[in-house]
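Chains as they are written, first to last, in this note's numbering: chain A, 157 to 270; chain B, 18 to 132.
Do not take every clue at face value.
To be verified - When the alpha-carbon atoms are kept at most 27 Å apart in a straight line, the in silico DSS-like pairs for lysine-lysine are as follows: (1) B:LYS61 / A:LYS161; (2) A:LYS161 / A:LYS212; (3) B:LYS44 / A:LYS265; (4) A:LYS265 / B:LYS61; (5) A:LYS224 / A:LYS161; (6) B:LYS88 / A:LYS262; (7) B:LYS88 / B:LYS44; (8) B:LYS61 / B:LYS44; (9) A:LYS212 / A:LYS262; (10) A:LYS227 / B:LYS61; (11) A:LYS224 / B:LYS61.
As the list claims (entries may be wrong) - Which stretches of chain B does chain A cover? Using the computed rule of at least three CB atoms under 8 Å from a CB of chain A, they are: (12) 57–66; (13) 70–79; (14) 120–130.
Quick caveat, the hints were computed from the structure, so don't treat them as lab data. By construction, the Cβ of each residue, glycine as well, lies at the ideal position given by its N, Cα and C atoms.
The residues making up each chain are set out below.
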Amino acid sequence: DQQVKQNSPSLSVQEGRISILNCDYTNSMFDYFLWYKKYPAEGPTFLISISSIKDKNEDGRFTVFLNKSAKHLSLHIVPSQPGDSAVYFCAASAIQGGSEKLVFGKGTKLTVNP
Amino acid sequence: NAGVMQNPRHLVRRRGQEARLRCSPMKGHSHVYWYRQLPEEGLKFMVYLQKENIIDESGMPKERFSAEFPKEGPSILRIQQVVRGDSAAYFCASSPNLHLNEKLFFGSGTQLSVL
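Required output: the full structure, derived from the provided sequences and hints.
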């Protein structure tokens with residue numbers, strides 16, 4: 157039962173171009189969405205988030221868009237840099253099983269080529 | 018300004034042995050979460066603890082797995098009689114408060130390999 161889906165396991169872009177990472181979800185009770193970035197042999201680190209009452213949040217080169225009717229969000233990175241190469245996890249927050257917790261997608265491996 | 022500390026980084030066990038994974042949350046954080054990442058999978062919630070209390074263990078396998086967060090010392094995830102299917106990366110995360118929209122801080126994980 158995959159509540160948060162990242163259908164692209166990998167993405168490759170050229171340095172300076174835009175990277176667009178997509179995420180779909182099925183649970184309409186999710187009220188907050190987050191993106192985490194993970195380098196090999198490290199834990200995930202928080203990147204950017206968006207509340208379900210908004211449709212856009214921007215932080216420097218990173219922008220997250222939320223389309224609630226389509227249950228879809230995307231992360232835009234522009235311009236992309238080689239240091240952005242990592243695995244990006246989409247996560248959603250909801251109260252399940254008695255407590256608030258994050259539900260993660262499988263991740264998308266982004267490679268930014270110099 | 019230490020982050021979330023997990024040890025060991027790598028743990029090798031033979032089938033049937035016990036595995037103990039430790040997690041010290043960030044200073045001032047009283048909420049601890051354990052997640053497991055199987056190969057080619059996302060992170061799956063296992064358990065949520067506060068000091069001396071298990072708040073939500075809905076993601077924990079019913080047998081062989083247990084977790085604690087004592088008043089003093091780190092949080093411990095314990096796996097008894099490990100099997101090959103337990104091989105995974107186990108991540109601990111901490112939070113200063115109840116609301117996850119304040120984001121979780123993750124440790125670097127423990128890679129468990131069961132031979």
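Outcome of the hint check:
no. : hint                : in the structure
1   : B:LYS61 / A:LYS161  : holds, 13 Å
2   : A:LYS161 / A:LYS212 : holds, 20 Å
3   : B:LYS44 / A:LYS265  : violated, 31 Å
4   : A:LYS265 / B:LYS61  : holds, 18 Å
5   : A:LYS224 / A:LYS161 : holds, 15 Å
6   : B:LYS88 / A:LYS262  : violated, 34 Å
7   : B:LYS88 / B:LYS44   : holds, 14 Å
8   : B:LYS61 / B:LYS44   : holds, 24 Å
9   : A:LYS212 / A:LYS262 : holds, 23 Å
10  : A:LYS227 / B:LYS61  : holds, 21 Å
11  : A:LYS224 / B:LYS61  : holds, 24 Å
12  : 57–66               : holds (count 7)
13  : 70–79               : holds (count 4)
14  : 120–130             : holds (count 7)
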